[in-house]
Amino acid sequence: MARDYLKIGLAVVTIVVATLVYSPIVSMIVFSFNSADRMVPPIEGLSLRWYEKWLSSPEIVNSLTRSLELAIATAAVAMALFAPAGLAYKRPFRGAEAIFYLIILGIIVPGVTYGLGAIFFYRQLGVPISLWTGLPVHVVWALPWGMILVRAGIDPMLIEYEEAAKTLGATSFKVFRRVTLPLIAPAIMAGALFAFTLSIGELFRSVFIVNPDTLPLRVFGIVQIRATPALLALGSTMTIFSLGLLVVVGLLARKSLRLTPAPS
Amino acid sequence: MILLADRPPPKRVWDVGPYILVLPALTWTLIFLIGPLVQIVVMSFYTPVQLSYVPIFTLSNYVKAFTNPTAQASILLTLEYSTIVAGVSVLLAYPVAYFLANKIQSQTLKTALLVALIIPFWIDWTIRTISWIPMLGTNGVLNGVLMGLHILSEPSPLFLYSDFATVLVMIQSYVVFVIGPIFLALAKIDPLLYEAAAASGANRIKQFYHITLRLSLPGVAIGAAFVFVASMGDWATPKVIGRIATTAGQFIYNSQVYLNWPFASAVSVIITGIALIIVIALFTGVNLRQLF
Chain B
1 MARDYLKIGL AVVTIVVATL VYSPIVSMIV FSFNSADRMV PPIEGLSLRW YEKWLSSPEI
61 VNSLTRSLEL AIATAAVAMA LFAPAGLAYK RPFRGAEAIF YLIILGIIVP GVTYGLGAIF
121 FYRQLGVPIS LWTGLPVHVV WALPWGMILV RAGIDPMLIE YEEAAKTLGA TSFKVFRRVT
181 LPLIAPAIMA GALFAFTLSI GELFRSVFIV NPDTLPLRVF GIVQIRATPA LLALGSTMTI
241 FSLGLLVVVG LLARKSLRLT PAPS
Chain E
265 MILLADRPPP KRVWDVGPYI LVLPALTWTL IFLIGPLVQI VVMSFYTPVQ LSYVPIFTLS
325 NYVKAFTNPT AQASILLTLE YSTIVAGVSV LLAYPVAYFL ANKIQSQTLK TALLVALIIP
385 FWIDWTIRTI SWIPMLGTNG VLNGVLMGLH ILSEPSPLFL YSDFATVLVM IQSYVVFVIG
445 PIFLALAKID PLLYEAAAAS GANRIKQFYH ITLRLSLPGV AIGAAFVFVA SMGDWATPKV
505 IGRIATTAGQ FIYNSQVYLN WPFASAVSVI ITGIALIIVI ALFTGVNLRQ LF
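Residue numbers (the working numbering), protein chains in the order written: chain B, 1 to 264; chain E, 265 to 556.
Heads up, a few of these hints could be off.
Using 27 Å as the maximum straight-line C-alpha spacing, the simulated DSS-like pairs for lysine-lysine come out as follows [what the hints assert, rightly or not]: (1) E:K452 <-> B:K7; (2) B:K7 <-> E:K470; (3) B:K7 <-> E:K374; (4) E:K470 <-> E:K452.
Cβ-Cβ distance ranges computed for the label pairs, FRET-style [claimed, not checked]: (5) B:L46 <-> E:S417: 24 to 34 Å; (6) B:P182 <-> E:F330: 48 to 58 Å; (7) E:G281 <-> B:V26: 48 to 58 Å; (8) B:L245 <-> E:T548: 36 to 46 Å; (9) B:P182 <-> E:K374: 48 to 58 Å.
Calculated directly from the structure, the hints in this document are not laboratory data.
Backbone N, C-alpha and C fix where the C-beta goes; we use that ideal spot for every residue, glycine too.
The task is simple: from the sequences and hints, build the whole structure.
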């Protein structure tokens, strides 16, 4: 019985956290359909006017496009850097931990500090601020997460599997392609998805060094003047879109898992 | 077996493999992170003049940061927010991570629940934050519920634009970053350890303390460090939903807006220093390598 109480207690905390994380999302969706021009209850009537409003705003649509471009580029560049870096940690090497902590600094330095430093850096180099001056900064932030995920995702038996494949006569490339890659691919994909997620929402570091603006910068600018339900409609649309994307990716992943034979 | 015995021992001393693999990530970090950080340190010693600066060495920015009451108050307020947010996040995250790692048997359900926790982060941060307005406002949902339950007799204006709102929104924004590392650490624990402990007569509480808690501490340390630092660098939450008060992050943001770069840099160096001390303190208490 004691075990059951524990399980119930844990489930209760989980529900509390889920409520905390999801209540603004529910509130956002509900109040996006309110026809009244304010952010608080009561709901006067249902309407789609706020959806029409944001869709007909070229500034918002353009900033959303820029956010997507930057997030995809961040995920791609970060992946190219963190995948080999994480894999390097399959065996110990001299200076491994020092290098690890140096790269981890990217998530330890407070965002506002790094953003400020980045302005000085670009000024010193004479690089004009654009959308793409955000790329190095976003990658610095996303890279440590990917590296941690890949390092943590390395199978303790990975080296033995590789040795076994080599002993059986596989070339280095074939060992990588058929043994190493399938074993670390889930961690790499998780890292890339995480990098995308971090980049698309980035505000604290980008504020000084990205122009024309991305969506978070645009929305923050609007809120400084006046928050309207059009923003809730925008957020709701993004939620539905993300969920749809997730379902598609999930289905594709299941399909590809079924089609690929297990690495032998 | 003969084949294995005949093979030369693997070369260890001059194995450049790992270095080639980490080199791109390391180079990127050195140029794009260490470069800007060095610039901040240099800038913090320059002399500010009206809306600009001159490269003459001075300690006045640091003196000002440590003696100016507004700057002091903002650094203390930031530490207060960060400590509360990190503490509450760990207390909330641990049971959730434990529940997901140990009480959910189905792998599919486990993945689905983890993904469900990440989805809210695909919604714009500012939008997520202003979505609290209908919940917390004087006419909002929370007041309605509390009055319906007769806990409050009249609506409280304290939920929105208050310290409560700042801390609540920060916890909501960062709690998932604590759940992740703790879940990772818990999932790595070998179930055989529990059998061994039970066989040697350890009860459930002892098992939890000696195995679960100790082996998951690296996850707790990473999560707590991240949340602490993230709340320290967060200049926007108090601005959007908190009370009118200046955190260190806002202080830096405002100094940047008024182009007082040397002073903004000095405050940045101070809060980064504090962040590093806290992170090092958290990391030295645990063996992070247990995670890998």
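Here is what the structure says about each hint:
Pair hint K452 of chain E plus K7 of chain B holds up; C-alpha atoms about 20 Å apart against a cutoff of 27 Å. For the hint linking K7 of chain B to K470 of chain E, the alpha-carbon distance of about 18 Å falls within 27 Å, and the restraint holds. Pair hint K7 of chain B plus K374 of chain E holds up; C-alpha atoms about 15 Å apart against a cutoff of 27 Å. Under the criterion of a C-alpha separation no larger than 27 Å, the hint pairing K470 of chain E with K452 of chain E is consistent with the structure, at around 19 Å.
Between L46 of chain B and S417 of chain E the beta carbons are some 32 Å apart, a value that agrees with the proposed interval 24 to 34 Å. Distance hint check: the CB atoms of P182 of chain B and F330 of chain E are about 55 Å apart, consistent with the given range 48 to 58 Å. Take G281 of chain E and V26 of chain B: their Cβ atoms lie about 50 Å apart, and the range 48 to 58 Å holds. Taking the beta carbon of each, L245 of chain B and T548 of chain E are about 41 Å apart, inside 36 to 46 Å as hinted.
Checking the proposed 48 to 58 Å range against P182 of chain B and K374 of chain E shows it is violated: the Cβ atoms sit about 21 Å from each other.
The structure is inconsistent with hint 9 alone, although it conforms to all the rest.
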